[in-house]
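Here is how the chains run, residue by residue.
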Amino acid sequence: MHNRTLYQLTWLAAAMSLGHHLDHLIRHNAVGWPLTDQVNAFTISLIVYPVIATGLLLYHAGRVGPGFWALVSGGGAVFVSAVHFGPAAVEPPELILDHYQPPILGWLAFGWLAAFVAVLAITSVYETRVWWQQRQARRAARPAAGAGSRP
Amino acid sequence: MTATPPAAGQPAVQPQPSAVAADTGVGAAALLVGSRIALWLEVQLLLTGLLLLGGQAATGGEAFNDAAGWWMVYGALVDLGTLGIIFWLLRRDGGTYRGLLGPPTTAWQIALGALGVLAASVPAVVFSSELTSALYGDDAIPPMFAVVDLPPLASLFSVLVVPLLAELAEPVAYLGVVLPRLEQRLGRPWLAATIVVVVWAGEHAFYPLLTSGGGLDLEFAAYRVGSVLPYLTIWTALYYALGRRLLPIMAARWVFNGGTAAALALGLVE
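Protein chains in written order, with the numbering used here: chain A, 1 to 151; chain B, 1 to 270.
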């Protein structure tokens, strides 16, 4: 049985990631390969799509669970935060806010980015809780099953 | 109706409106929110009157803005009033204060959850500080903090007592009392959550109120709402993500708000 909320949050995060990459394309700053020759954070971030696709297939097949998704979402939140918000951010907020006319578009793009990171972080918290609850449920079920199998 | 075990992959704690919400309508929710807004206004006006009577300010506008500087202190009165109404509602409708805080949560779950809440609040911190910079200049202190210039004892009170009272009252009022009632009335949790976030953010326009150019400083009020909106959205979403556990959110908010107040009182932020 698969968790419907987990699927919905994963699709939401993927859509928000796509929107943020679209923002990069529109601004045409802080972009890398395949749009330029440079391999940079933009290029590395594109790996998220095969990871999500593979993860969804494995989750559907029952090979990975919410713990896997908690790591993917949490890792994504840390990566995007470090790139955009961290003290050593290579793409600070000004790179978005100052590259749109009228400025409200820059605020929309920046708001989208903040919402994207928030969705990743909240999703990770949710998935961690589900993972923990499943783990507890498995532990609780184990002794009962063991007791039942004794002669 | 028989209880069924949670399906595999589903959270064991299914969202359930708190028991106290069962037999009461949104009237109590409106009373709680309305009284908070009214208290913010009344206390600031009362303090304004006292400052005028004591000759501490020459004009009404000056007294009003001087009173605003005490908002981190008189906020305790608003939160005490909120707690009074919450306990009155609990006595009237049944239920316990602990019941409003969600399912049982161990200390380490609160600590880990609070860390998650703090980490998830980073986008809100960044968004709000960019908004502050855009409106009030680079490296500016948010104006509601800049107006604070209090005697040491009042600063100590605003650091030690107010953040604690705020956590016992504010999130419990909005997420523990108002949200379940709205969910029950509307039948759509997302709509109820959206209304709660908007109203909760709107309340921030009232503390403190400032005057500018002979009228209310509406730009500041709008800034207050806009700067807290990301925080409240994230915390409300986390309330659901944590299986309606309020304690981790309260703990994280206490660290965040108390830390901010302490940094200001100690002069670490200038």
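Read the hints as simulated data drawn from the structure, not as lab findings. Even glycine gets a Cβ: it sits at the ideal position worked out from N, Cα and C. Some hints could be false.
Claimed, not checked - Covered stretches of chain B (chain A as the covering partner; in silico rule of three or more C-beta atoms under 8 Å from a C-beta of chain A):
(1) 111-121
(2) 124-133
(3) 231-237
(4) 240-247
Comparing the hints with the structure gives:
no.	hint	in the structure
1	111-121	holds (count 5)
2	124-133	holds (count 4)
3	231-237	holds (count 3)
4	240-247	holds (count 4)
Hint compliance for this structure: every hint is met.
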